[in-house]
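Undergrad: Quick mapping for you: the protein sequence lines, in order, are chains D and R. Using numbering that gives the first Met the number 0, you'd call the opening residue of the first sequence number 0 and step up by one each time. Using numbering that gives the first Met the number 0, you'd call the opening residue of the second sequence number 0 and step up by one each time.
Treat the hints as calculated values from the structure; they're not laboratory data. Predicted model, so just to flag it, every value in this text is computed and none were measured. Treat the hints with care, as some may be off.
As the list makes no split between identical chains, a pair holds if one copy fits it or if it spans any two.
Claimed, not checked - With a cut-off of at most 27 angstroms between alpha-carbon atoms, the simulated DSS-like pairs for lysine-lysine come out as follows:
#, residue 1, residue 2
1, Lys-92, Lys-393
2, Lys-107, Lys-393
3, Lys-459, Lys-517
4, Lys-517, Lys-288
5, Lys-327, Lys-459
6, Lys-143, Lys-393
7, Lys-143, Lys-288
8, Lys-522, Lys-459
9, Lys-522, Lys-143
10, Lys-253, Lys-288
11, Lys-327, Lys-522
12, Lys-393, Lys-522
13, Lys-107, Lys-517
14, Lys-253, Lys-327
15, Lys-459, Lys-143
16, Lys-92, Lys-288
Protein chains: 2
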Amino acid sequence: MAWSGLSVQVGGMSSHPVLLAGTWRPSQSTGSFHAENPATGQPLPGDYPISSWADCDTALTAATAAAALLRAAPPETIARFLTRYAERIEARKTELVEMAHAESGLPKAPRLGDVELPRTTNQLRQAAAAVLEGSWAMPTIDTKLNLRSVLAPIGPVWVFGPNNFPFAFNGIAGGDFVAAIATGNPVIAKSNTSHPGTSRLLAEEAIAAVGEAGLPPATVQLLYRTSHADGERLVADPRTGAIGYTGSRSAGLKLKAAADAAGKPFYAELSSVNPVIILPGALAERGAKLAEEFSASALMASGQFCTSPSLILLVAGDATEQFIATVKTRLEAAPVAPLLSSAVARALAASVQTLQTHGAQVVTGGQLLPAPGCRYANTTLRVTGDGFLAAPEKLQTEAFGNASLLVVVRDIAQIATILGHLEGNLTGALYTDTQGSDDQHYAVLEPLLRSRVGRLLNDKMPTGVAVSPAMNHGGPYPSTSHPGFTAVGIPAALRRFAALQCYDNVRAARLPAGLQDKNPNGKMWRLIDGQWSQGNVGG
Amino acid sequence: MAWSGLSVQVGGMSSHPVLLAGTWRPSQSTGSFHAENPATGQPLPGDYPISSWADCDTALTAATAAAALLRAAPPETIARFLTRYAERIEARKTELVEMAHAESGLPKAPRLGDVELPRTTNQLRQAAAAVLEGSWAMPTIDTKLNLRSVLAPIGPVWVFGPNNFPFAFNGIAGGDFVAAIATGNPVIAKSNTSHPGTSRLLAEEAIAAVGEAGLPPATVQLLYRTSHADGERLVADPRTGAIGYTGSRSAGLKLKAAADAAGKPFYAELSSVNPVIILPGALAERGAKLAEEFSASALMASGQFCTSPSLILLVAGDATEQFIATVKTRLEAAPVAPLLSSAVARALAASVQTLQTHGAQVVTGGQLLPAPGCRYANTTLRVTGDGFLAAPEKLQTEAFGNASLLVVVRDIAQIATILGHLEGNLTGALYTDTQGSDDQHYAVLEPLLRSRVGRLLNDKMPTGVAVSPAMNHGGPYPSTSHPGFTAVGIPAALRRFAALQCYDNVRAARLPAGLQDKNPNGKMWRLIDGQWSQGNVGG
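Next comes chain D alone, as it looks inside the complex (with noise of 0.2 angstroms):
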């Protein structure tokens, strides 16, 4: 899930404008870049600006501008630009999916026009839903000490999206964008360089969207990249609130270590392997559906999700080579689509590459594949527990794509033992029978598991994200920067942009709409005196 850029023009004249403080305007640029088409390996048209600090400078003041403003916004017009947004998003759908084919590779059918493109709106309009609601931010009355308290909006937030969902994670529409705008504040996105015309095709939606509702119009802005150092400088800026990333770990330690420097709330989500044990009994009772399950969760999106399963745990015995045995048949038969881009291939590779050096053997692909396009075989290796516990932590490399690791252990035991060695992870899963067979090893191995994963499954592949107040889509460190939140789930992922701000004594009229008395819309859940309610104080 890299950032970083493709082939680089320094000095493009003809470069696409960014957004800035309400208007598309030329860059004040160091160079530019174009996308890649994945499929084809061709550049695609387009040059898009490297923005100079002259860019991110005037972004920041936009934006604090706006936050001053946006804290005065009405909760109706920002759930109105959200759902205008999500119209847009909807009336351009056409030419927003062929652009993000274009440039991700990924199928427009179903995926990009019938799943994430609806999921995407779908977050904007659950997410209008919540801002008026206004239970997200948890108003807390002490009607005693008259004090009270709520989450407001923490300032300008920066939003950088990954390769992976050029819709539904996008700087400038996805997840952390709507979680940002719920919570009241402006966001600057950084594009994901890999689909700038995707990104700037929504950020036209998205001012259009600010206009329509009357927003101030440097809630959105658009940047498509910078620097390494003015991405280190901008997250630190005094001006900068937050920042959302998704990406890969090593671009984004760099720049969680700057905003913490500066005391900058930084929340990533950085890398993992999402372990999975399938337990002997589950193994003895369904092998065969299980290696299909397994083969066809691994290659979805050519295993570019977050949550891809990518480092399964078998006990050694006859069951365990037949489920290897169909993976290897499964993941030959099946076509290699292509990857996120040249980038990804190469890192790919590279990760493969490094399982390789410390042990893992391959079982099948394990090569680029010629051209056309940034492909790489539909890849699976294997290792042994000990193999895997000489080298745990370059065995859990992630080879973010189509491959993965199998590691077939001794016993139960030596599951115990890796998983004292395994990495925090977004998600993990534990396969067991039907028959109660698996029980006893589940009722040992789930602690061990638990506290290194966001979210638990059983008997299922981690693939699916649900957009859902229930979700976790987070984990320990250093899957994300903070085990206490998830980037996916709505009220909680906008809880991530807020500040607890305290009332202490201060006169009615002037307290914020959601800690007067009177319930503002009468279904904001408040905590009055110990007790949710939808009611108002005294009664």
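Add chain R to chain D, keeping to what the hints say.
TA: Same frame as chain D, now just chain R:
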């Protein structure tokens, strides 16, 4: 609020033992130190060890094992510990108050015995109630998708307590300790070096209560001091779950940097000057009363509260001169209480010197007082708004203790300008008249102040910090490390020490009690399909 130490004796053989893995045992120490009586300036009996890394390592290993056991502990057991601990503190009140008085110089009554100790036991009991109810964990259930999430223990928590509340914020008994335990985490407390004896007595009661409740012995552990290098190492250790720190900004930021680099949540309360704006109408209406109110608040505990009002903004004019004259008279008439330690007195003198160097003039006070004891004259300084704006950063130096800075501004517009330079603070107060003449100024200034403080007050000094669900004892950086959290107030303070854990398709019997269909106690608030409920899933 320094946690750095006092005088040191290397190789003290008769040092007090440390509390590790359930037993009091000799420290693997690199030296020792002793406390001083700040009222006399004399050393107090008792050598306390400076732990080597070996002690830290032992503590971390024991805490890791305890964390796994605590995860399975029923809420009743944790609540029983908290309650028994409160009862034991009350039973040993006389000795605790004597010791804390000797080590801190704070009055035995009302402060230590009648206010702080009851506040401490009240926090323990509030936490016990929160544990039994379970609502703090925000169980969230999506019945359609069978997705269920809950906040769960984050892992072993280090608590670094400050010097200014030997009971209520003590690392082994105070707010952070209570929050970390209530969320199911073991605590390793780092005593403040100014009150090791108080920490020792508290720890004796804590470990006895652990035994009575049947919690794992390593649920509570106590070290007195480490090297700075070991401090940075222990916060970053892989076994560490999170850190609660209250203390000086300089020491805190070093620890924060180490924790950040390792991805460990570091909840720090660092420093705050707590701006108070007294608008002209209020001053005209009740200037003498406000001068009295401010003087009393500024001298409370010799100004050694995190929320002491230390930066007062007033518009130039006769009423302001009268206010200053009254404050001067009151400060000079008030007795001078000892500061918490000679280190605090020295730091205060240095901070006042910094303010003077950058243009502030002493109105009264401004010098250390002669023996006996660590005392500094009740002090206030003044500077013009222009003077403040010439060195806004330096003139926000926290002068921890009985000193404050009055900024006499030209007009309301200059207050607005100054607020633009304001660092993040825990609190900010606005005083206005009752007739509405200040209302237009309030409307201009409130948004500027609001965004820079955690708790906004009207017509009230900030020194009282009630333990209420609606309290925010937190604020924007650098007053704390994250603006979304509070260190005081249940349930919010608990959520700092939790990880979000989602269960996806997990079989019913394997779910934690709070996520099963049946509400475990009929009182737990859960967010079920978007609605808060104390009922069961399905009615």
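Undergrad: So, for every hint listed, does it hold in this structure?
TA: Verification of the supplied hints:
1. Taking CA atoms no more than 27 angstroms apart as the test, Lys-92 paired with Lys-393 passes in neither setting, with 42 angstroms inside one copy and 55 angstroms between copies.
2. Taking identical chains as interchangeable, the C-alpha atoms of Lys-107 and Lys-393 are never at most 27 angstroms apart, the minima being 36 angstroms within one chain and 58 angstroms between chains.
3. For the identical chains of this complex, Lys-459 and Lys-517 are inter-copy neighbours only, at 24 angstroms across copies versus 45 angstroms inside a copy, given an alpha-carbon limit of 27 angstroms.
4. With identical chains, the CA atoms of Lys-517 and Lys-288 are never at most 27 angstroms apart, being 56 angstroms at best within one copy and 33 angstroms at best between copies.
5. Only within a single protomer do Lys-327 and Lys-459 lie at most 27 angstroms apart by alpha-carbon distance; the minimum there is 20 angstroms, versus 72 angstroms between protomers.
6. In this homomeric assembly, Lys-143 and Lys-393 never come within 27 angstroms of each other (Cα to Cα): the closest approach is 57 angstroms inside a single copy and 39 angstroms across copies.
7. When the C-alpha separation of Lys-143 and Lys-288 is checked against a cutoff of 27 angstroms, the pair qualifies only between copies, where the shortest distance is 25 angstroms, while the shortest distance within a copy is 60 angstroms.
8. With identical chains, the CA atoms of Lys-522 and Lys-459 are never at most 27 angstroms apart, being 35 angstroms at best within one copy and 32 angstroms at best between copies.
9. Taking identical chains as interchangeable, the C-alpha atoms of Lys-522 and Lys-143 lie at most 27 angstroms apart whether they share a chain (23 angstroms) or sit on different chains (22 angstroms).
10. Neither within a single protomer nor between protomers do Lys-253 and Lys-288 lie at most 27 angstroms apart by alpha-carbon distance, with minima of 42 angstroms and 53 angstroms respectively.
11. In this homomeric assembly, Lys-327 and Lys-522 never come within 27 angstroms of each other (Cα to Cα): the closest approach is 54 angstroms inside a single copy and 52 angstroms across copies.
12. With identical chains, the CA atoms of Lys-393 and Lys-522 are never at most 27 angstroms apart, being 51 angstroms at best within one copy and 47 angstroms at best between copies.
13. Taking CA atoms no more than 27 angstroms apart as the test, Lys-107 paired with Lys-517 passes in neither setting, with 49 angstroms inside one copy and 44 angstroms between copies.
14. Taking the closest pair of Cα atoms, Lys-253 and Lys-327 never come within 27 angstroms of each other, the shortest separation being 38 angstroms inside a single copy and 51 angstroms across copies.
15. Taking identical chains as interchangeable, the C-alpha atoms of Lys-459 and Lys-143 lie at most 27 angstroms apart only when they sit on different chains, with a minimum of 16 angstroms there against 49 angstroms within one chain.
16. In this homomeric assembly, Lys-92 and Lys-288 never come within 27 angstroms of each other (Cα to Cα): the closest approach is 36 angstroms inside a single copy and 66 angstroms across copies.
Figure legend: structure checked against the earlier numbered hints; hints not met, in rising order: 1, 2, 4, 6, 8, 10, 11, 12, 13, 14 and 16.
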